[in-house]
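Just so you know, the sequences run in chain order R and B. The opening residue of the first sequence carries number 0 in numbering that gives the first Met the number 0; numbering runs sequentially from there. The opening residue of the second sequence carries number 0 in numbering that gives the first Met the number 0; numbering runs sequentially from there.
Hints were generated in silico from the structure; no laboratory data involved. Quick caveat: nothing in here was measured; it's all calculated off a predicted structure. You may find that some hints are simply not true.
If you anchor each label on the Cβ, the simulated ranges turn out as follows [said to hold, decoys possible]:
1) B:ILE12 to R:GLN91: 32 to 42 Å
2) R:SER253 to B:ARG15: 27 to 37 Å
3) B:ARG193 to R:LYS38: 13 to 23 Å
4) R:GLU83 to B:SER207: 45 to 55 Å
5) R:TYR20 to B:ARG15: 54 to 64 Å
6) R:GLU83 to B:PHE4: 22 to 32 Å
7) R:ALA163 to B:ASN183: 51 to 61 Å
8) R:ARG32 to B:ILE12: 21 to 31 Å
9) B:ASP258 to R:GLN107: 52 to 62 Å
10) B:ARG193 to R:VAL19: 18 to 28 Å
11) R:GLN91 to B:ARG193: 47 to 57 Å
Beta carbons are placed, not taken as given, at the ideal position from N, Cα and C, and that holds for glycine.
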Amino acid sequence: MNLWLPEALFFGYTEDQSPVYIFILPVMIELSRVSVTYKSGDVGALSDVSLCIKKGEFVFLVGPTGAGKSTLLKLLYRDARATEGSVNVLGQELSKMRSSQIPPLRRQMGIVLQDYGLLPERTVWQNVAFACQALGQRGRDIRRKLPEALELVKMAHRCDAYPAELSGGEQQRVAIARALVNRPPLLLADEPTGNLDPNTGAGIMDVLYEANQRGATIIVATHDKFSVDRLRQRVIALRGGKIVRDEPCGGYGSEAGD
Amino acid sequence: MRSFFFLIGEAFINLRRHSLMTVAAVTTIAVALSLIGAFALMSYQANVATNRAASEFEIHVYCREQVKKEAIPAIKKRLEGISGIRSVRYISKEKAFNEYAKNLPIDTRGIPNQFNETFVLLLKDPAKGSQIASVIRGWHEEVEEVALPEAEMGGLLRIMSFLKYLGALTGALLLIGALLVVSNTIRLSVFTRRREIRIMQIIGASPSFIRLPLFIEGLIHGILGGALAGICLAVVNHYTQGLIESVIPMLSRYFAPIDMKNIAMQSVAVGALLGAAGSLLSIHRYLRLT
Ligand SMILES: Nc1ncnc2c1ncn2[C@@H]1O[C@H](COP(=O)(O)OP(=O)(O)OP(=O)(O)O)[C@@H](O)[C@H]1O
Ligand SMILES: [Mg+2]
């Protein structure tokens, strides 16, 4: 499957004999009848979820606390496993995946964790560089692309600071720079604006939106009503581990509030 | 290769970042290796002393007067046939007399040769001396007397062989203990970093990329600990040798001089092995992906 270019399918001819193609966006993520039950929890975190996300889409995952948003994202980077059903990401079937294939899978993604996940004993620069070093990139290349990534989230001026010396929102921005630095085709963000003021939050969402405009597929789990309503992208609403709404150009809606 | 140097750099940076853990691991290894080294040295010295003493441990077999010269080779053969005998040397009665006479200040001319035909036996294991002696004493036809070195010698030898085995056994036990302690220390240091390791896994770092710095870290812990232990051993060895010489000089001739440079090198090597094995043992468990 070609993931990077839309597939052109021959459809037929017009009256003046010129060919007509239809373009189909390649599938990025496909879940079919997926359920997740955590060992410790008795109720399923996700139950019977099916969805399809195409390349280049921008998707908001909304829903009240405990709805299963984080679980759904974890499923996609194989941090959680489906108890039932199949999960297909970037053309790979995750339920059959060996653990040695997990790192290569994750390198094709940018992941922004709910708790930022910065390495506490490394500076901002080192944290972002680490995502490149883990991929075995050369120091020269890293030095070239880092300033751009840090500039994107407006953190270039703090590149020698340690995470503890940054505010929550600044750490969040560094985490996003790290997720974007290798220009991954897929970006998964778990509440990237979780504890930011509305203005900064909007700034972060704009960064993600720009990445989407450059071709990345973006999935954002969020409670940020303001941004969801402003950007008007596809919205998937979860509640109690089930999809209750899936709209192409939706708003935050009422079911997400609890 | 580039990545390899990067990972070595990472290991050194980690050593500095986790300096408390480094100190803990290095001192643990150093203490363990010092103890192991001390027991190994003790065992070695006991071994050397036993061998030296053994080479001085001779049994003299004096033949009866009526034993004919023609019978000598047969007796020699019989003696050599006893198990536990390293060598048999024959001293004829003439030779014994001549040697004796040479050393005597008075004129020995005209005095009859009352020496016996003599065999000097060297043993493989001096501890079996009295046992072998009693066997030979049983040959009433030929043997008049069997002479053993004093009893203290036997006691000394028994103590030495006891020390030898004690040293080896304790050393081996300590080595196992040290491996456990080192692996626990490194496990602790990996444990304190589990969050960091998890983040690396989320970023997509391969297991070897995460493991190698930890492994190199363990290796360096081991090398540093080994070096420290080497220094400790050198100092202790220096003083104990001085002590033995001044307190029981009679014993010191049984001990070998020790090449401390060699010991220190071995200590570093064993330390490196210990660190590597310890970190392999502990890293392995923390790097499973979900
Ligand atoms: N590791 C786990 N073990 C057991 N149960 C879990 C685990 N992680 C999540 N759960 C449960 O699964 C359900 C879904 O959790 P999830 O984290 O996906 O919710 P969420 O939609 O991300 O919520 P929030 O908006 O608060 O982040 C919750 O009921 C939660 O208690
Ligand atoms: Mg969540």
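| message | For each hint given before, does the structure comply? Return the numbers of the non-compliant ones in rising order. | response | 2, 4, 6, 7, 8, 10, 11
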